[in-house]
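Sequences listed follow chains A and B, in order. Quick note: the first sequence uses my numbering, first residue 11, plus one each step. Quick note: the second sequence uses my numbering, first residue 11, plus one each step.
Read the hints as simulated data drawn from the structure, not as lab findings. Keep in mind that a hint or two might mislead.
Pairs count within a copy or across copies, as identical chains cannot be separated in the list.
What the hints assert, rightly or not - Straight line, CA to CA, 27 Å or less: simulated DSS-like cross-link-like pairs of lysine-lysine:
| # | residue 1 | residue 2 |
| --- | --- | --- |
| 1 | LYS255 | LYS298 |
| 2 | LYS343 | LYS93 |
| 3 | LYS229 | LYS93 |
| 4 | LYS322 | LYS93 |
| 5 | LYS37 | LYS229 |
If you want the building blocks of each chain, they are given just below.
There are 2 protein chains.
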Amino acid sequence: MLQEKNIYIQQITDKLEEYLQAHSYSKVAVIVDENSYEHCLPIVKPLLAEATIIQIQSGEENKTLTTCEYIWNALTEAQFDRKGLVINLGGGVIGDMGGFCASTYKRGIDFIQIPTTLLSQVDASVGGKLGIDFHSFKNHIGLFREPNAVLIDSVFLKTLPQNEIRSGFAEIIKHCLIADGDEWQNIKSAAYQEINWSERVPHSVGIKAQVVAEDPEEKGWRKVLNFGHTIGHGIESHYLTIPGKKLLHGEAIAIGMITEAYISLQRGYLSEEDLNEISQYILSVYGKVTLEDGLIDAVLPTILQDKKNEGKTINCTLLESIGKGIVNIPITKEEIADSLAYYVAL
Amino acid sequence: MLQEKNIYIQQITDKLEEYLQAHSYSKVAVIVDENSYEHCLPIVKPLLAEATIIQIQSGEENKTLTTCEYIWNALTEAQFDRKGLVINLGGGVIGDMGGFCASTYKRGIDFIQIPTTLLSQVDASVGGKLGIDFHSFKNHIGLFREPNAVLIDSVFLKTLPQNEIRSGFAEIIKHCLIADGDEWQNIKSAAYQEINWSERVPHSVGIKAQVVAEDPEEKGWRKVLNFGHTIGHGIESHYLTIPGKKLLHGEAIAIGMITEAYISLQRGYLSEEDLNEISQYILSVYGKVTLEDGLIDAVLPTILQDKKNEGKTINCTLLESIGKGIVNIPITKEEIADSLAYYVAL
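Using the sequences and the hints given, assemble the complete structure.
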């Protein structure tokens, strides 16, 4: 199944060489940031001797139209035509933004994703969601387009800082909670630092690919992947605006999963036992973040702008049980406030 | 056939009312410029009492990322969700740019085109090409996406200045030259000022829709629609950079059709008789533009950046006869220079 969706989990140099030989691109560009330039580009560079290297600055705060202009400019100056290829080598920011730029350059050229962080391997690289942030709204401008290939190799994870591994792990936890109770038991059975990623990543990618295949443009069931993200995104966006107080994506989603699991209990979907198991495990991995007073007022405008909403209704994904999500549940501001109070009191 | 492609040529108020009643949009925005605000919006306004009006400045020089930011901002401030509708009411600039903004807002919301110029009715509104200019490159950033509906009504043409009518007429001429020799005789049979647009527009739209249906993403045959546009676009872009010396799109394409017909003759495709007929008729409608010295050096860089090219090869659409185009013919800079010399000597 994964093969059909153009996702290849194997040794990167083998697969990339095979891919490039099977196509005849007029030019190749590689988009990197300073991290993937240093740690990841050397691994694939021998296959890309003539490629145009486009280096941007890392970080969600650079996932902007301004950076897109820089990328479009670089492609234009290197005289890329419609037969060119863009390779996005890096984390989710590079994949989302590089894919958006490739999909809109001369009305769309080929691109492949080589996700190099755990987060982007199990989440951003699969599903064709591309885009950039706009003002403080995450992924506000973008489109759906499947990459021509996604090449995943755990070799890239070896140079990743531990907090980045932990951030990506949040999406693996999420995939278990919404769709695979057995895998939830698997990942819990050892400390997360001991997990063998080359086993767990393919499983997690498989869950996501299956959900996306059923509903590519997020008309219904795909919204299940947003569990933890209604409140989590709001918190993440809020912290982006406070200098020096940044939360990694997975750290924010960890809070989102606990609070949205709490709402699931309040709504009568989730058992207290399941909620406790979820809260305890997630806290054991991520610890607890001290949320300042007034946070709820600060995050609500962002939550209201969430793309999943319709009108003034906040549409949330909740849990029926561990391993089973439920989509399109309208929740209220008061429920969000209560759930954050629950988190604070843990 | 037209019905299938969501193109409706009928009374605008009837069709728009029917369309809006058949859908349940959370919000509706209408994008206009100062011209369509004054002349076209009053016609549909009674049906759109609650719509958000987004007014931009007319002109190709405003088909930019900056204007897109303005439109995205307006949609965001009006809290448009994914169930919103954008109506593009105006010429090609509004259709291309408004369609691009709608297709990328929250990864894509519905939009309909109500083209109000002859040019946009017979060309831009059909075929799903969306985008904006980037630096001096026309439609350099964009994507392919079919509008949810195209509503065409000749009522809008009544307030159009004569030079705008003549500009749009160039695309009708082009459609005849590449695909319909009989229609070429029809349009030539009277002065263009006497043409009944409510008869000729549906025919011309039909030609374009048929070509697009065969090759939506311009992999091959659709390139036939670019006849006159390789050199014509270069000239148009060049004049955009000279204050006070603007050529309308059709005026530039008229030059492009004559010069590319000349190259068709030189290559042995087109007869001298056909070339003369084409040159004489087009000059009789558009007159002759005085091209300054050095024009060829100025337009070549733009022609080389044309999206239809591959590598350094300039890919051109030529004519085999009146009514029959031929695509993907590589031409040289020298041939372009010679063809411009032919035009100057006419």
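* **Contradicted hints - numbers only** => Violated hints: none at all, because every hint is consistent with the structure.
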